[in-house]
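> Spelled out, the chains give:
Protein chains: 2
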Amino acid sequence: MTLKVSDIGEKELIKYIISHSSTITPDDTAITSFQNTNLISTCDMLIQSRHFPDNMSYFDMGFKAVTVNVSDLAAMGAEPLGFLLAIALPKDLKISHFKQIIDGVTQACNYYGIPLIGGDTNEASEIIITGTAMGLTDRPLMKDTYNKGDLIVVTGPIGHAALGFELDVLDNVYVKKALKPEARIREGLILRDYATSATDITDGLASELYTIKKDGFGFMIHEEMLGITDEYKSISEGRGLDYLDLALHVGEDFELLFTISRENLEKLPIDCMVIGEVTDSDVVELTLENGFVERIRNEGYEHYVSE
Amino acid sequence: MTLKVSDIGEKELIKYIISHSSTITPDDTAITSFQNTNLISTCDMLIQSRHFPDNMSYFDMGFKAVTVNVSDLAAMGAEPLGFLLAIALPKDLKISHFKQIIDGVTQACNYYGIPLIGGDTNEASEIIITGTAMGLTDRPLMKDTYNKGDLIVVTGPIGHAALGFELDVLDNVYVKKALKPEARIREGLILRDYATSATDITDGLASELYTIKKDGFGFMIHEEMLGITDEYKSISEGRGLDYLDLALHVGEDFELLFTISRENLEKLPIDCMVIGEVTDSDVVELTLENGFVERIRNEGYEHYVSE
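Residue numbers (the working numbering), protein chains in the order written: chain C, 582 to 888; chain G, 582 to 888.
The hints are simulated quantities; they were obtained by calculation from the structure and are not laboratory data. It should be emphasised that the depicted structure is a prediction, and the values quoted were computed from it without experimental measurement. If a hint is listed, it holds; no wrong ones were tucked in.
Copies of the same chain look alike in the list, so a pair counts if it fits in one copy or across any two.
No more than 25 angstroms apart at the CA atoms, straight line, and that leaves these computed lysine-lysine pairs for PhoX-like:
#1 K680 x K761
#2 K729 x K848
#3 K592 x K795
#4 K729 x K795
#5 K794 x K592
#6 K596 x K680
#7 K757 x K680
#8 K592 x K680
#9 K585 x K680
#10 K596 x K795
#11 K757 x K814
#12 K585 x K675
#13 K672 x K585
#14 K596 x K675
Please model the complete structure; the sequences and the hints are all you need to start from.
So this is what it looks like as structure tokens:
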């Protein structure tokens with residue numbers, strides 16, 4: 582049997598790339614140190630059929646292409662330096678739609694204070710946007726520099742985008758989060774001075790927790806702290822969806838997930854929500870509302886895997 | 582009539598982007614000044630059906646994705662700092678082919694001395710690779726800082742890749758240039774100390790000359806200096822192709838096109854070929870082998886334009 586890309590999944594592909602380069606690190610975001618500072622750089626490719634829901638406007642596609650990249654800068658506590666836009670468009674795309682995409686990109690760049698400095702244009706059978714964001718920071722916030730006893734905190738509700746992707750209405754809080762998520766760049770800059778570690782939630786809370794987990798450390802998350810409302814549960818159930826699955830295993834919220842000492846949390850000048858604590862259990866667990874404790878599955882959004 | 586992307590062409594799309602951002606410059610490569618140096622950054626998206634000939638190996642696809650970006654650093658005289666790889670693959674791509682692409686990328690990074698530092702993986706209906714190259718230089722080489730009387734020089738033969746794309750043999754110098762072009766990174770670093778301006782030849786000599794042209798200046802190119810051999814002419818004619826068209830209007834050679842004073846040319850420690858001089862004619866001209874002078878058409882490779 583000849584192995585195909587879909588047989589091994591994205592994580593194994595990434596492992597191969599990392600194992601064949603001595604210079605790449607297993608992180609969303611690269612850190613290059615020089616002249617007493619660190620260049621933070623990251624790129625994400627968004628493909629229309631995969632990343633843009635049918636009801637997403639062209640403006641929001643452009644905005645999101647900036648957000649997903651700036652979110653990686655935010656997680657590192659980096660000051661935005663510049664954004665590159667590589668975009669491929671179908672030949673028969675209307676010029677007015679092209680302009681809406683670009684307006685989304687430029688307005689997002691203004692919103693996040695990151696200058697659009699260059700790029701590339703191309704032709705393809707669907708819309709493809711690769712953004713590259715660059716930033717600077719003296720002290721990058723790392724993913725796994727937490728200590729036992731630190732609190733686990735998020736900058737906003739978890740699972741809203743996941744539910745929004747399932748809805749076909751246009752104007753509720755969940756759909757808005759799915760179609761126009763925002764990167765927490767301001768919060769990331771503040772967290773540099775308070776948090777012990779940080780990452781952004783793109784592939785789901787569960788997936789991010791397993792990504793940042795290091796040997797000998799564990800996480801205890803509390804369902805009742807996740808801010809899951811009765812409304813959230815009822816809309817999920819009405820669609821035949823498991824509300825905990827949505828909250829834990831989908832992602833695309835672009836909230837920051839960070840750890841912080843109890844002492845520093847009291848001083849932290851941003852809105853946030855404590856959802857658990859760092860333990861020495863070596864496992865990733867959830868205390869359910871009924872008091873039972875269960876392991877959280879290591880499942881999140883992954884490309885290529887056969888459905 | 583509703584205007585489509587194919588109705589206006591790539592150059593008009595780029596004009597729209599530039600006119601809607603105060604921070605972008607009309608250049609392939611972005612310059613961000615900070616801390617007494619300049620971050621040079623550039624990204625290029627390569628799409629299988631557009632940029633990779635059918636007879637190109639998977640290894641060479643990966644290699645080329647690095648070359649096209651490093652070539653932009655070379656044209657600026659920048660020291661390579663880091664490379665990001667965003668790659669989308671079809672689900673049914675063989676793992677062995679995926680590995681060959683990655684080997685091409687990592688070997689190119691080693692060859693050019695640019696560390697692979699990060700990236701993104703994705704799924705698409707064909708292979709799409711967006712590379713981002715970052716570099717540093719105290720004194721970037723600009724495209725249009727030439728003077729009247731400067732010589733126009735290239736680092737190697739022009740039009741070889743163009744002819745190579747038309748051939749179905751595997752082992753001649755033209756096909757090699759088409760399938761595995763190399764960026765002139767070493768030459769770019771040397772040119773910083775000698776040249777008055779530089780760019781790289783991606784879209785064809787004619788197109789690059791029109792790109793760097795400024796008001797009141799012109800270029801006189803001499804056909805007999807272009808190094809077009811009898812063999813080149815005869816293979817072209819055998820395929821029903823106009824050899825001057827190939828040499829002037831196709832590109833993909835990734836040689837550097839630079840300007841230099843006569844005095845500095847004598848001291849320049851790299852192999853190169855003088856092809857003309859900067860004039861004040863305000864036009865881009867070619868002296869043919871028969872002594873006649875004609876205007877060079879402003880035509881090169883452009884995406885989107887209906888064929």
